[in-house]
Amino acid sequence: MNENVFEMQSISKSFPGVQALDKVDFTGVEGEVHALVGENGAGKSTLMKILAGAYRQDEGSILLRGKGVSFASPKDAQRHGISTIYQEFNLIPELNVAENIFLGHEPRKGRSLFIDKTHAYRMSRDLLTNLGAEIDTRKKVKHLSVAQQQMVEIAKALCLNAEIMIMDEPSAVVSGKELDSLFRIIRSLREGGRTIIYISHRIDEVFEIADRATVLKDGKLVGTVRPRDLDKGDIIKMMVGRTFAEVFPPKEKGERRPILTLKNVCRSGILKDVSLTVYTGEILGVAGLVGAGRTELARVIFGADPLERGEIIFDGRRLKKARPKVSIFHGIGFVTEDRKNEGLVHCLSIRKNLTSVILDRIRKWCFVNEREEKDIAKESVRRFKIMPPKIEQEVESLSGGNQQKVILAKWINADSKLIIMDEPTRGIDVGAKAEFYILMRQLAKQGKAILMISSELPEVIGMSDRIVVMHEGHIMGELSPSEAREETILMMATGQIRGKETEEQNLES
Amino acid sequence: MSLDRLKENWATIVVYIVLAVLVLASSLMSDIFPTYRNVSNLMNQAVALGIVSMGQTLVLLTAGIDLSVGSVISLTTCLTTGLIMGREPMVLPVVALVIALGLFIGFCNGTIIVKTGVSPLIVTLAMMSIVQGCVFLYAKGPIGELPSSFYFIAWGKLGTVPFPAIILGAISAIGIVVQKQTSFGQYLFAIGGNEEIARRSGINVDRVKIVTYMICSLAATLSGIFLSSRMGQGDPLAGGRYMIDSIIPPVLGGTSLVGGKGGLVGTLAGIFILTIISNILNLLNVETYWQWVMTGFIMIIAVAFSGKEAT
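Sequence lines, in order, name chains A and B. Reading the first sequence from the start, the letters are residues 1033 to 1541 in my numbering. Reading the second sequence from the start, the letters are residues 22 to 332 in my numbering.
Treat the hints with caution; some may be incorrect.
To be verified - Quick list of the computed label-pair ranges, beta carbon to beta carbon:
id : chain 1 : residue 1 : chain 2 : residue 2 : range
1  : A       : Arg1143   : B       : Leu113    : 29 to 35 Å
2  : B       : Val112    : A       : Ser1102   : 53 to 59 Å
3  : B       : Arg262    : A       : Glu1424   : 44 to 50 Å
4  : A       : Glu1426   : B       : Val307    : 51 to 57 Å
5  : B       : Glu166    : A       : Asp1108   : 57 to 63 Å
6  : A       : Glu1223   : B       : Leu146    : 54 to 60 Å
7  : B       : Thr137    : A       : Ser1102   : 26 to 32 Å
8  : B       : Ile321    : A       : Arg1395   : 32 to 38 Å
Claimed, not checked - Taking lysine-lysine pairs in the DSSO-like style, the calculated list, with each CA pair at most 30 Å apart, reads:
id : chain 1 : residue 1 : chain 2 : residue 2
9  : A       : Lys1384   : A       : Lys1406
10 : A       : Lys1269   : A       : Lys1532
11 : A       : Lys1171   : A       : Lys1209
12 : B       : Lys28     : A       : Lys1174
13 : B       : Lys201    : A       : Lys1107
14 : A       : Lys1252   : A       : Lys1264
15 : A       : Lys1422   : A       : Lys1372
16 : A       : Lys1417   : A       : Lys1283
17 : A       : Lys1449   : A       : Lys1352
18 : B       : Lys201    : A       : Lys1174
19 : A       : Lys1372   : A       : Lys1357
20 : A       : Lys1477   : A       : Lys1283
21 : B       : Lys28     : A       : Lys1172
22 : A       : Lys1107   : B       : Lys136
23 : A       : Lys1081   : A       : Lys1372
24 : B       : Lys136    : A       : Lys1372
25 : A       : Lys1357   : A       : Lys1417
26 : B       : Lys201    : A       : Lys1149
27 : B       : Lys201    : A       : Lys1141
28 : B       : Lys201    : A       : Lys1171
29 : A       : Lys1384   : A       : Lys1357
30 : B       : Lys201    : A       : Lys1172
31 : A       : Lys1449   : A       : Lys1357
32 : A       : Lys1396   : A       : Lys1406
33 : A       : Lys1264   : A       : Lys1209
34 : A       : Lys1304   : A       : Lys1353
35 : A       : Lys1372   : A       : Lys1406
36 : A       : Lys1081   : B       : Lys136
37 : A       : Lys1252   : A       : Lys1269
38 : A       : Lys1269   : A       : Lys1055
39 : A       : Lys1449   : A       : Lys1283
40 : B       : Lys28     : A       : Lys1149
Quick caveat, the hints were computed from the structure, so don't treat them as lab data. We put the beta carbon where it would ideally sit given N, CA and C, even for glycine.
Bound-form chain A, shown alone (with noise of 0.2 Å):
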């Protein structure tokens, strides 16, 4: 009864400039709920991308049942019994609930080209039923709850029958008595003995529902352990620790002067009561988990999203409309996370990209002073070190290190005061990082301040001067990095542990 319905035998593959798995083993039985647990990046979509053919692994070899396969696309590891349920669902919103369960494979009336919709009907309600939903099979899926999508998502993967089945983060987007209702489901197919592989970041979930965990670290298979025979804190262990040292430039720090503060910053489910301050001449890391509101605040900061209650003062000014063209006028600059699509415009040169939001400034009547813009390029070209030396390239042919620091010298001629960073790091390889660190760490000096958005812990406890942790929408408290170790900044932003209050917390109560 033990053997493997399925077997990923070290597996590896790489993306340019990442290794995002190294010889990764992972298997999995009949009836077991089996948690892929990890920090962001360990690889573990990547992971699960390959056993459901999203990718191909460079490396390694998968059997099911003992069988070598090889799938050609989701669709085909769909055919070989192996469904994932996403976190974004794989539902259209217009199509009711059985015509989704049976998209791409209807049941027809006898040979004709009609759909039994009786039968279709009769099914789906089974299925649902055999979930334990209640839930009418021809309303339209646009008109239902999250976690009752979630429902419709599992019966569409049984009604493919699913053999094993795949759950990337099932509980981002339920709670509480539906967290409960999923768990009995999880449970009852795997009493049917269906193989589920729940991907989850949540310790206490993994501990509740696996049978066995695995832990992924770097691309790196850490172990795999039976979560009863261990406590969290061991698990958590796992997950953190580097393999390999990080070097950060020292942290020497600029003239101190609060330029940023916020009180009470809300956006309806998203941020929920924020305030902090930012200080010129140091670097500020906000830390927490994937949609727990941190690129929001930044956007919010920045303008490009309004705010709904509390107060943005900057340098003194009391921010109140959202326009990011006052915010930039007044001296945030925000490296985005996304620079593909809001950080460059790919098919301009360097030149005017360096100084797309400094027009105004550098015009004569209607017109771009060509000369003056040149000689702005090409001190930026020099003081960022960016390669190649050409102002007149396209940015879209640079590396990502070059076009982060064509980015960044963008916001330094528009002499932002404030510069938000989301996520800097992201995409580039090792040696460009450690040279944008170095960068970032010259503007603090010269008395900038910045916000660094991350969500590699090295890079936070390495970087930061101060560094905040949020969950949910919430400030869950302020770590100095010299107390701050990986696992505290973790249980933090898994919202096990409060911090320090920030001091802005602290005048309120």
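Take the given structure of chain A and dock chain B to it, following the hints.
Chain B alone, transformed into the frame defined by chain A:
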């Protein structure tokens, strides 16, 4: 019908209420409106617009658009009348030829769109230019002649029922059944709703799209054949207005221009709304060009309204 279901079909119900109000108002405004003669005339006008806008609806559902339909209609009228030239035995072969040609143009539209990834707007606009150019190379002005039997399509009657009404009824029925009862119909919504999910569900998205453009082009061809019968002559400009007009009934009927929402039942009401407005303006002796102006406004208002609903 439960309350939920009523709510989900609310948009369609509203369109039919608007249609009913329009019929009532028109009957009050003009004595001629409710006469048998005017109603059969109205049917006659609704058919050409109706068939092509049902084809257009299917394309819109996939989040596409077909701007070449007008030129295909022009092409069809010119070829039908020009090649038949009043000879009865030529009717079947020529009709077969124009239908094949229509399907071919739709096939080209669809294939270019799915293989190159160029936006349907651009591809079908270019196709319009190509086809319309060919039409003018073939005929510079009204052309051709039809045998008397051909006139039955637009002017015949079965008992007291005008034949055009039967055509419209039959084609709507087929269309609605295909849309609601077949997998193909379901896939149109899935593709328009989210192409990536449709693909992941194992739907052959490219094939469905190509077939949809073929159906739309076929619909334009059938409209063209009908118009030939109605006018008795081919006209290189016959289809001109249908590029815009074919989009209005679906939009009025609740079909979203970004796809995935709406359908033929709403379009059917839209067809009659547009035809009745144009009919009543004729009866009230309003100049045709005012109708163009109004059509434009209707389109903007309808799209703006449906856009609001989507968000």
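Right, here's what the structure says about each hint:
no.: 1; hint: A/Arg1143 - B/Leu113: 29 to 35 Å; result: 31 Å, holds
no.: 2; hint: B/Val112 - A/Ser1102: 53 to 59 Å; result: 57 Å, holds
no.: 3; hint: B/Arg262 - A/Glu1424: 44 to 50 Å; result: 49 Å, holds
no.: 4; hint: A/Glu1426 - B/Val307: 51 to 57 Å; result: 55 Å, holds
no.: 5; hint: B/Glu166 - A/Asp1108: 57 to 63 Å; result: 58 Å, holds
no.: 6; hint: A/Glu1223 - B/Leu146: 54 to 60 Å; result: 59 Å, holds
no.: 7; hint: B/Thr137 - A/Ser1102: 26 to 32 Å; result: 30 Å, holds
no.: 8; hint: B/Ile321 - A/Arg1395: 32 to 38 Å; result: 36 Å, holds
no.: 9; hint: A/Lys1384 - A/Lys1406; result: 9 Å, holds
no.: 10; hint: A/Lys1269 - A/Lys1532; result: 22 Å, holds
no.: 11; hint: A/Lys1171 - A/Lys1209; result: 23 Å, holds
no.: 12; hint: B/Lys28 - A/Lys1174; result: 13 Å, holds
no.: 13; hint: B/Lys201 - A/Lys1107; result: 25 Å, holds
no.: 14; hint: A/Lys1252 - A/Lys1264; result: 20 Å, holds
no.: 15; hint: A/Lys1422 - A/Lys1372; result: 20 Å, holds
no.: 16; hint: A/Lys1417 - A/Lys1283; result: 22 Å, holds
no.: 17; hint: A/Lys1449 - A/Lys1352; result: 19 Å, holds
no.: 18; hint: B/Lys201 - A/Lys1174; result: 19 Å, holds
no.: 19; hint: A/Lys1372 - A/Lys1357; result: 20 Å, holds
no.: 20; hint: A/Lys1477 - A/Lys1283; result: 9 Å, holds
no.: 21; hint: B/Lys28 - A/Lys1172; result: 11 Å, holds
no.: 22; hint: A/Lys1107 - B/Lys136; result: 21 Å, holds
no.: 23; hint: A/Lys1081 - A/Lys1372; result: 23 Å, holds
no.: 24; hint: B/Lys136 - A/Lys1372; result: 25 Å, holds
no.: 25; hint: A/Lys1357 - A/Lys1417; result: 28 Å, holds
no.: 26; hint: B/Lys201 - A/Lys1149; result: 10 Å, holds
no.: 27; hint: B/Lys201 - A/Lys1141; result: 14 Å, holds
no.: 28; hint: B/Lys201 - A/Lys1171; result: 15 Å, holds
no.: 29; hint: A/Lys1384 - A/Lys1357; result: 18 Å, holds
no.: 30; hint: B/Lys201 - A/Lys1172; result: 14 Å, holds
no.: 31; hint: A/Lys1449 - A/Lys1357; result: 15 Å, holds
no.: 32; hint: A/Lys1396 - A/Lys1406; result: 15 Å, holds
no.: 33; hint: A/Lys1264 - A/Lys1209; result: 23 Å, holds
no.: 34; hint: A/Lys1304 - A/Lys1353; result: 19 Å, holds
no.: 35; hint: A/Lys1372 - A/Lys1406; result: 23 Å, holds
no.: 36; hint: A/Lys1081 - B/Lys136; result: 26 Å, holds
no.: 37; hint: A/Lys1252 - A/Lys1269; result: 15 Å, holds
no.: 38; hint: A/Lys1269 - A/Lys1055; result: 21 Å, holds
no.: 39; hint: A/Lys1449 - A/Lys1283; result: 19 Å, holds
no.: 40; hint: B/Lys28 - A/Lys1149; result: 21 Å, holds
Violated hints: none; the structure is consistent with every hint.
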